[in-house]
Amino acid sequence: MYTRQNVWELGGPWADPILWYARGVAAMQARALALPTAWRFYAAIHGLDQGLWQQLGYLSPGEQMPSQPLQTQFWLQCQHGSWFFLPWHRGYLLAFEANIRAVVVQLGGPADWALPYWNYFKPNENPLPPAFGSPDWPDGKGNNPLYIPQRYGPNNDGNVYVDLSQVNLNAMNDPDFSGIPNGDRGFGGIDTGFEHGGQYHGQLEMQPHDQVHGLVGGQDPSPGLPGLMSDPDTAGIDPIFYLHHANIDRLWQIWTQNPPTNADPTDPKWLNGPASIGQRAFSMPMPDGTSWNYTPTQMVNMSALGYTYDDLSAAVPTPQPAQRLLALGAAAAAVNVRPGATTVPTPTNVELVGASQAPLTIQGSQVSTSVKLDPNVRRKVSASLAAAAETAAPDRVFLNLENIRGTKDATRFKVYVSLPQGANAAHYPELLAGDVSLFGVRKASLKDGEHAGQGLTHVLEISDIVDKLHLRNQLDADSLDVRIVPDKPLPAGEQISVGRVSIFRQGA
Amino acid sequence: MLFLTAAAWILLMAGRRGSLALTHCAIAMPASAASFQMLLALNPPVSLATGWALMLATMMLPLLIAPVRHVHNSSFTHRRGRAIALFVAAYAVVWMAAGVMLIALALAIRLIAPESIVPVAVAAALAMLWQFSPLKQRSLNRCHSHRELAAFGRSADIDAVRFGFTHGIWCVCSCWGLMFLPLMISRGHAAAMVAVSAWMFAERLERPMPARWRLRGPSTALRMLVAQVGMKLQLG
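Those protein sequences? They're chains A and B, same order as listed.
Read in the working numbering, the first sequence has 185 at position 185, and its numbers run on one by one without any break.
Read in the working numbering, the second sequence has 660 at position 152, and its numbers run on one by one without any break.
Quick caveat, the hints were computed from the structure, so don't treat them as lab data.
Given the structure is predicted, the values throughout are model-derived calculations rather than measurements.
Every residue, glycine too, gets a C-beta built ideally from N, C-alpha and C.
Certain hints may be false.
[As the list claims (entries may be wrong)] Some chain B residues judged to face chain A by a derived CB distance under 7 Å, without partners named:
no., residue
1, A514
2, A515
3, H580
4, F584
5, N649
6, H652
7, A719
8, R722
9, P726
10, A735
[Stated by the list, open to error] Over the 12 Å line for every Cβ pair with chain B, so calculated as not near, a few chain A residues:
no., residue
11, P259
12, Q357
13, D481
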């Protein structure tokens, strides 16, 4: 059994597991791109944009590429915006880890070497682990294989850390793995086929996964090129990527430890993966030259896969039973809700409540739009909240930022609902709908890309905000204001467009 | 949508009413005003229009599942029927206009070479050439693009119509060659329609990809079919 350990608790910046990781990375980096076990080949399994790689200096014009069959089998596989996000990345990490371990063993290192993980949520562990931030390493000067210059951090100044004010673990409280478009995206994402860069990101994928990518990678302030971690087509080149994903994988395992509420899908379409319906198989090159094809059903049992983590304790406090019902004054109904559940299961009926009437361009330091509400549907929401004591099933309400298009994946912003006119958003944390990171937006905006340039659609649950408005008798309104506040003012020429801002209810 | 498609097929096949298997006089005669009038007499415009509309219903409705779902999900519950109707109507207008040109071309070819296999072969070659072209790929890609829609009042109606038009235009650009083939085939017209329908449905299952010359076929559909058959055999 291999045990993945916390990178900050190995006993020092260059403790053995991280030093062996660096040596393994160096060996893979030394291999030619055309080899399936090369560093850049593995990065291209996650994603590749040849133009971007060339601009960033990771691909030379005319460099020998792998054969077309190898590219077709392995490259451009990462599953994003899909309920395969978690199982695909678990298999990817396992195969990557096996390749590094093979090098470690070959160099005389420990046979039980395992990939460390970066738990940025732990106190004082949110800075980039030091071994990744220095050009030097114990084995040499200026050639640390874990160091890459294209990491710019939250402020694009090279100070790399995870800004804890922009990440959260709310996804861990979502009892449903599978989501639905426009409504609850679920812990693990929505039902899709093979989805390389999909439109709707699941809860865990959006937060903290996307957010950490953008915070670590940032953007080169001068030419505007992304940090490697900020774009799915370059993220796999950065050695910290795999430690970030090990943490996401760990969070999935923790989430499943709260059965029966939190359970992986049992739908054969998920269990058997996209290859079972004739789409691409999840396939990884292994160190012995073979290919390993896998399905999600093989990924659900971590012990059967032969590894574990040194810490699988609950990531967030267990939510109070039916806390939402209590807040809505439905204490009697809350008594009947099973402990551990935030509310009773939500019906899957999703209905439009309101929408903005023009596309929105995000630029400068903030922009606002008004979401006009349909009075009849709004009344339906109010009635469901008022009847929470009898039904124990108040509507859930979701803000949709539809068809977000742009070119800068490192863009991050906060979204507020119903802020008073002219108010300083920072003074109203209770009206914060969520943080959004546009990881994947460039690729999703390409008209001839896999998703025909439809961009990303991010969904934020605003049930708490709507509950507050209802309790203050402020929900009886013609519209709700939505304010978008970029983490940093967007420079002129860096525009992000949102096709429509809408509000959906999910309920009976 | 599938129910409507089935209904259209039944209507089409029942007595072959409105079928667009263009009829022509078997006696070879030079193209002239008289022969044109005879051709029109054999293929009255009303029955041509009816036949083309039925042909569209049978062949195109399955392609509208994804965009109609988009219109449905983007609209208020009470406006869904209206929005879908406007979308489909605008889409149909584009295809009916395209039909005028395609049918006129087919009739002209019949007029010039009534019994020759050459026009059919040329049409098939042209359709094939178009299939492999970057323009075909670009059109297919655009068919996968579902624009955001206004939700309220007149703007919602206009957006539904606009979406129907643009979707229809890209659909015509993508499929005109394939739709032209059954028009050129009198014997086996229905079989050609079935084959072309299946092909068009299958090629929509392919993901958008960079537009360039390439051999393009319904490989995803074939793999899905093989996977389904495999599963059935395993269960059996």
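When the least beta-carbon distance from B:R722 to chain A is tested against 7 Å, hint result: 12 Å, violated
Is the hint on B:N649 kept, meaning its closest Cβ partner in chain A is under 7 Å away? Since the shortest Cβ distance to chain A is 5 Å, the answer is holds.
Chain A contact restraint for B:A514 - C-beta distance below 7 Å: 24 Å, violated
Should the hint that B:A515 touches chain A count as held when the rule is a Cβ pair under 7 Å? This interface hint is violated because 28 Å lies over the 7 Å limit.
If you take the shortest Cβ to Cβ gap from B:A735 to chain A, is it below 7 Å? Holds: closest Cβ of chain A sits about 4 Å from B:A735, inside 7 Å.
Hint B:A719 vs chain A: min CB-CB distance below 7 Å? Hint holds; B:A719 Cβ to chain A Cβ min 6 Å, cut 7 Å.
Identify whether the interface hint at B:H652 stands, where standing means a beta carbon of chain A within less than 7 Å of its own. 4 Å, holds
Should the interface hint for B:P726 be scored as holding, given a Cβ-Cβ cut-off of 7 Å against chain A? 11 Å, violated
Could you check if B:F584 really has its C-beta closer than 7 Å to a C-beta on chain A? Holds, about 5 Å.
Restraint check, 7 Å cut-off on beta carbons, for B:H580 near chain A: 10 Å, violated
Taking C-beta pairs only, is A:P259 more than 12 Å away from all of chain B? 28 Å, holds
So A:D481 supposedly isn't at the interface. Is its beta-carbon more than 12 Å from every beta-carbon in chain B? About 17 Å separates A:D481 from the closest Cβ of chain B, which puts it past 12 Å; holds.
Of the numbered hints listed earlier, those contradicted by the structure are 1, 2, 3, 8, 9 and 12.
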